[in-house]
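Trainee: The chain contents come next:
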Amino acid sequence: MNPAQFKQVSEVEWRVAPFGKMRVPAVIYADQALIRDMDDKVFEQLTNVATLPGIVQAAYAMPDAHWGYGFPIGGVAAFDAEEGGVVSAGGVGFDISCGVRTLHTGLTAAEIAPLKQRLADRLFAHVPAGLGSTGQLRLNVSEMDAMLRGGARWAVEHGYGSEADLDRIEEHGCMAGAEPGQVSDQAKRRQRDEIGTLGSGNHYLELQEIVEIYDSKAADRFRLRPGEVVVSIHCGSRGLGHQIGTEFLRQMVIAAPGYGIELPDRELACAPIKSSLGQSYLGAMRAAINCALANRQVITHLTREVFADVFPGTHLSLIYDVSHNTCKQETHTVDGRSRRLYVHRKGATRAFGPGHPALPGDLRDIGQPVLIGGSMGTASYILIGTEAGTTRAFSSACHGAGRSMSRHQATRQWHGRTLVDELASRGILIRSPSLRGVAEEAPGAYKDVSAVVDVADRAGLAHKVAKLSPLVCIKG
Amino acid sequence: MSLTAEAGKEGVYWTHFPHQADMGVRGVGPTREAAFEQAALAMTAVITDPARVAPDTAVAICCEAPDDELLLVDWLNALILEMAARHMLFSRFEVSLDGPRLSATAWGEPIDLDRHQPAVEVKGATYTELKVGRTESGEWQAQCVVDV
Numbered sequence: 001m002n003p004a005q006f007k008q009v010s011e012v013e014w015r016v017a018p019f020g021k022m023r024v025p026a027v028i029y030a031d032q033a034l035i036r037d038m039d040d041k042v043f044e045q046l047t048n049v050a051t052l053p054g055i056v057q058a059a060y061a062m063p064d065a066h067w068g069y070g071f072p073i074g075g076v077a078a079f080d081a082e083e084g085g086v087v088s089a090g091g092v093g094f095d096i097s098c099g100v101r102t103l104h105t106g107l108t109a110a111e112i113a114p115l116k117q118r119l120a121d122r123l124f125a126h127v128p129a130g131l132g133s134t135g136q137l138r139l140n141v142s143e144m145d146a147m148l149r150g151g152a153r154w155a156v157e158h159g160y161g162s163e164a165d166l167d168r169i170e171e172h173g174c175m176a177g178a179e180p181g182q183v184s185d186q187a188k189r190r191q192r193d194e195i196g197t198l199g200s201g202n203h204y205l206e207l208q209e210i211v212e213i214y215d216s217k218a219a220d221r222f223r224l225r226p227g228e229v230v231v232s233i234h235c236g237s238r239g240l241g242h243q244i245g246t247e248f249l250r251q252m253v254i255a256a257p258g259y260g261i262e263l264p265d266r267e268l269a270c271a272p273i274k275s276s277l278g279q280s281y282l283g284a285m286r287a288a289i290n291c292a293l294a295n296r297q298v299i300t301h302l303t304r305e306v307f308a309d310v311f312p313g314t315h316l317s318l319i320y321d322v323s324h325n326t327c328k329q330e331t332h333t334v335d336g337r338s339r340r341l342y343v344h345r346k347g348a349t350r351a352f353g354p355g356h357p358a359l360p361g362d363l364r365d366i367g368q369p370v371l372i373g374g375s376m377g378t379a380s381y382i383l384i385g386t387e388a389g390t391t392r393a394f395s396s397a398c399h400g401a402g403r404s405m406s407r408h409q410a411t412r413q414w415h416g417r418t419l420v421d422e423l424a425s426r427g428i429l430i431r432s433p434s435l436r437g438v439a440e441e442a443p444g445a446y447k448d449v450s451a452v453v454d455v456a457d458r459a460g461l462a463h464k465v466a467k468l469s470p471l472v473c474i475k476g
Numbered sequence: 001m002s003l004t005a006e007a008g009k010e011g012v013y014w015t016h017f018p019h020q021a022d023m024g025v026r027g028v029g030p031t032r033e034a035a036f037e038q039a040a041l042a043m044t045a046v047i048t049d050p051a052r053v054a055p056d057t058a059v060a061i062c063c064e065a066p067d068d069e070l071l072l073v074d075w076l077n078a079l080i081l082e083m084a085a086r087h088m089l090f091s092r093f094e095v096s097l098d099g100p101r102l103s104a105t106a107w108g109e110p111i112d113l114d115r116h117q118p119a120v121e122v123k124g125a126t127y128t129e130l131k132v133g134r135t136e137s138g139e140w141q142a143q144c145v146v147d148v
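From first to last, the protein sequence lines stand for chains W and B. Each residue of the first sequence is one higher than the one before, counting from 1 in our numbering. Each residue of the second sequence is one higher than the one before, counting from 1 in our numbering.
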């Protein structure tokens, strides 16, 4: 994008004053290099979001923003139901509650090294990954509804993990207000055997070594020590979330004119929060959040089983679990007034700062862990929510590196086998059901995650705590 | 893999077009029906080489939408649902259109991970770059981006 389209507010904040039908400004947190690398579609999509009814304060884009559907990926927007605000199926996306969780292994990279190959093979064999893989669980109708109501809590009640895990998950592992009755039979049919599966695309399970600490106080509290190994799991609500997104997007596209909503892009399909369609979507979307939380909880259990076998006596404790495709009702102060808002984060991570009542007791005084996944073969980061973040983008931060190149270009530039061999020579073991899938996810097809995270840090969206380097990657 | 299919018949083919995060699918043919069939083939090619998928089992699909573009998205999403729920891939399609109604048969087989080596799962067909219509040369084109 051409930076000249924006008014530069600071080194890392760029603003577009409302024009045309925009109701609020558009704001991008990025440095000049990241702005230049962004597709022009980010500008178009962000300024389109700013036209939606009931939008509050501004339409925001995170440093990893790229061309999405309706909303840019890396987009944040909040709406006030009392002012005709909307909820947008496009603003949440197809992979509802896609997110990342990270677990301590309590082992060092040196301890893992002799058994790394075995661990990679065992994890690849035990955690279903890729298209066509199915989980061990088969849910009947009533079990499906219980899972959609209970989320990770349901999984824990069925023996997948412990009560302690729930403390470290947004919404305490169970999204309130889920309505399984609003989830179609087709969506449930798609999910029947997909609980406990990673999926494909950019989803993964990684073993990562903590290689750098930036904030020793926060790192101590998160129990992050250089040389130790963590496991990160990136996946979402699988077929159920995709089907809910598909069905409600269609309904909202058709219903929008009836609500007097003019859509600048059909992908921005939305409905007033107070409408019956808006309420149905919220009930179904919250059920999909629970599906994603249950899914990551079951995958955690499978991972623990492998570790218990390869390294008897280890216990994998959860550092935190974040979702980065959601719409959640939250309280934010806008112009000195406390307001209940529906915050859409599409490829953006909630980043609550110190003192936020939603945080577990032992983290409340310092802030929320913010987990940022890199691309295969590059770094990931753990950040912490800031006090300043409350005044920027409704306490949100980036979610990953963000693609800089299409899958199409990536497959022309890289071969899966060569990539796997190159990464292996650097000590990074890749296990994937598809070499073409590996080529499409080549590290070079993504932005530099370190540059993205540095900007998030400099902009005060969240502060860097630790850098993680991959050792093993199970690609979906 | 080639990003453009070998044309089986004159003027009937599919292509992929780039989207920053995902993939665009485009079907081209002398009729609307042929363009819809080729778009479906292009979607299979996002996942695997369609030539590897045996058209052994038939699945019937029906949908209805207020306009051609929504109908294309509905058609591709109906296939995505069938692929996901039946664990199948499809490689042959026969589409009939009657005004706003589509009835079709898709032929395929259960996914075989070793043989098909699926690269990626298609999550949904989107309204991005969605177009159904005739080109200047008179052929029908049906296209959209699919989320993977």
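A hint or two may mislead.
[Claimed, not checked] Cross-link-like lysine to aspartate or glutamate pairs, in silico, EDC-like; alpha carbons within 20 Å at most:
#1 B:131 <-> W:265
#2 W:7 <-> W:31
#3 W:274 <-> W:305
#4 W:21 <-> W:265
#5 W:21 <-> W:37
#6 W:41 <-> B:94
#7 W:21 <-> W:80
#8 B:131 <-> W:44
#9 W:21 <-> W:83
In short, the hints are calculated from the structure, not lab data. Remember, it's a predicted structure, so these values are computed and weren't measured experimentally.
Trainee: Does each hint fit the structure? Answer for all of them.
Mentor: Here is how each hint holds up against the structure:
In summary, the hint linking residue 131 of chain B to residue 265 of chain W is supported, as the alpha carbons are separated by about 13 Å, within the 20 Å threshold. This hinted pair checks out: residue 7 of chain W and residue 31 of chain W have alpha carbons roughly 13 Å apart, not beyond 20 Å. Note on residue 274 of chain W and residue 305 of chain W: the hinted pairing is violated, with a Cα-Cα distance of about 45 Å set against a maximum of 20 Å. A hinted pair counts as satisfied when its Cα atoms are at most 20 Å apart, and residue 21 of chain W with residue 265 of chain W qualifies at roughly 13 Å.
In summary, the hint linking residue 21 of chain W to residue 37 of chain W is not supported, as the alpha carbons are separated by about 27 Å, beyond the 20 Å threshold. Distance hint between residue 41 of chain W and residue 94 of chain B is unfulfilled; the C-alpha atoms sit about 35 Å from each other, more than 20 Å. In summary, the hint linking residue 21 of chain W to residue 80 of chain W is supported, as the alpha carbons are separated by about 18 Å, within the 20 Å threshold. Between residue 131 of chain B and residue 44 of chain W the alpha-carbon distance is near 19 Å, which keeps this suggested pair within the 20 Å criterion.
For the hint linking residue 21 of chain W to residue 83 of chain W, the alpha-carbon distance of about 17 Å falls within 20 Å, and the restraint holds.
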